[in-house]
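Colleague: Under my numbering, read the sequence shown as residues 1 to 571, first letter to last.
Rather than coming from a laboratory, the hints here were simulated on the basis of the structure.
Mimicking DSSO-like on lysine-lysine, the simulated pairs with C-alpha atoms at most 30 angstroms apart in a straight line are: (1) 78 / 95; (2) 483 / 453; (3) 485 / 558; (4) 453 / 558; (5) 142 / 221; (6) 485 / 453; (7) 95 / 142; (8) 142 / 78; (9) 558 / 483.
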Amino acid sequence: MTRGDESIGQQHSALIVRPKGAGQNLLERLSLEFYKLTWRTPLHSGRLKGKVPLRLLAVPHDPLEGNAARGQALRIGKFHYQGFEQAIDGLDYQKLELPPSLTDYIHRFDWLRDLAAATNRGDGAPVAAQIADAWLRANGMKTREPAWRVDNCAWRLLNMAAGSPFLLSSADPIYRSRVINHFARVARHLDQSAPRAQSYFAKTVGWAGVVAASLLLPEGKIRRAVGEDGLADSLRATIFPDGGVVSRSPIQLMELIGLLSLLKQCYVAQREMVPDFLTEALGRAVPALLGLTHSDGGLGAWQGSPHIAVDRIHALVAASEVRARPHRQALDWGYQRVTAGKSVLLLDAGPPPLARQSASGCASTLAFELSHGAQRIIVNCGGAALVGASIPLALARGLRTTAAHSTLCLNDTNSTAILPGGQLGRGVAEVGLERRDVDQATRIQASHDGYAKSFGYSHSRLLTLRSDGMELRGEDTLLPQSKPKDNVPVHVRFHLGPDIEIVPSDNPQTALLRMADGSNWAFAASGGTLSADDSLWVDQNGRPHPTRQLVIAADTGKGGLSISWQLRHLG
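Please model the complete structure; the sequences and the hints are all you need to start from.
Modeller: Put into structure tokens, the structure is as follows:
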């Protein structure tokens, strides 16, 4: 071990600027092609033996925002994440019997970012060294999951590199050597595991780790070439042309934007040009994410995502360095956005994701959300992906159902099945969509076939939002297909946003809604019986909050069913 790694505490003291040549010669190109061919063979494993870097070549700037409250918890000796607390002292890092999200938070070293947000290096470095050393002793030499799962490894490498001033301020040479050697072990593991990852998204995260290792560790020229090829290919499979991810999960898209933003800083730290494919991916992903933001700038609840506050979205967009307007409609991503005055309407107009691409996919086809100014009026419950202290598995499963979304539910059955193992099953296969501007309004008509085989009906939803945003009209229709069933109970649910009071009305088919800002709206229904029931919504920290829902109930007849409703601003 040399003293070269002692410079790691200085932000850019370890930088090496590679000389820029006119191009590779023939021998280099042949070597590169041979290396690619042998990437997944025993030759590659043999080539890696003994390649232990003595230092990082650069310290990338971390553009992602840390959580100071979680960082303060670390300072007093606790991991605090999504409502769950775990004392650091005595924690067995070999057997983290904790909620999956907290387990990944620890294995990925995401806590380094939070610690940096809460304190300076002098005060935070001993805390970081205590946690890192205990973790490395337990997991550093044993490649087992989930600690060595490909996505956790890639994030750990990036987070450790960005947080290395905290990690490597210790004067203990054995501990410092353990940290540096771990970079090399993770890089070699990612070389092998990134191509084998089971989902497109996991491959993308893994390849990003390979590229980061090639930029931050010695002897990375050929690793970088292979890694960039792999990352470019996996991004093409992970991101739709309109910028959404194939899982259709906004929080997974947020993770991807954060990952690519941090990877981009690795290039900047090495004074290398950021590849066009990476810049283009970020340029597509950011407007797709913004397309699911409400009038307050926060994120709606879709495909397991919670309701996310505007400051977190703004921080992520700032980290990406992408300036873009929200997508109005993303046909591949599967969402529609209508802006009218102070109102924003969001609609899930796509089929559910493939089961292998999403662990928390929801039966939410044709669900919508509506906001006006800072007030969320109609929402989905959200939060199914945030299994933790406040959301047990049973509740998470319920949050994935059609009934947990603001849409029509037939016979209390999901429009797309959720199987006992948690995967999405049969249901919605095709979604029809027509959107056009009419006289002083935007009109969207969409349909799905999720109930066609089981009950003999297709669901059609018509939404018309007035151009001033003060009135939304809707019609939900069940159209008979093959062998429609009579007298099947139907419920159209409208989950209300936070702090909305339902005021009794003289008309049982009308409900008056008093908002937190003092404004009033009226909801009127026809074609069914209107009632109110309890509901909940989940915030970005995985905490459920009680709220209410409006429900229109009816039964199918021989000719199908049509339910009309109206939401109108009163002042």
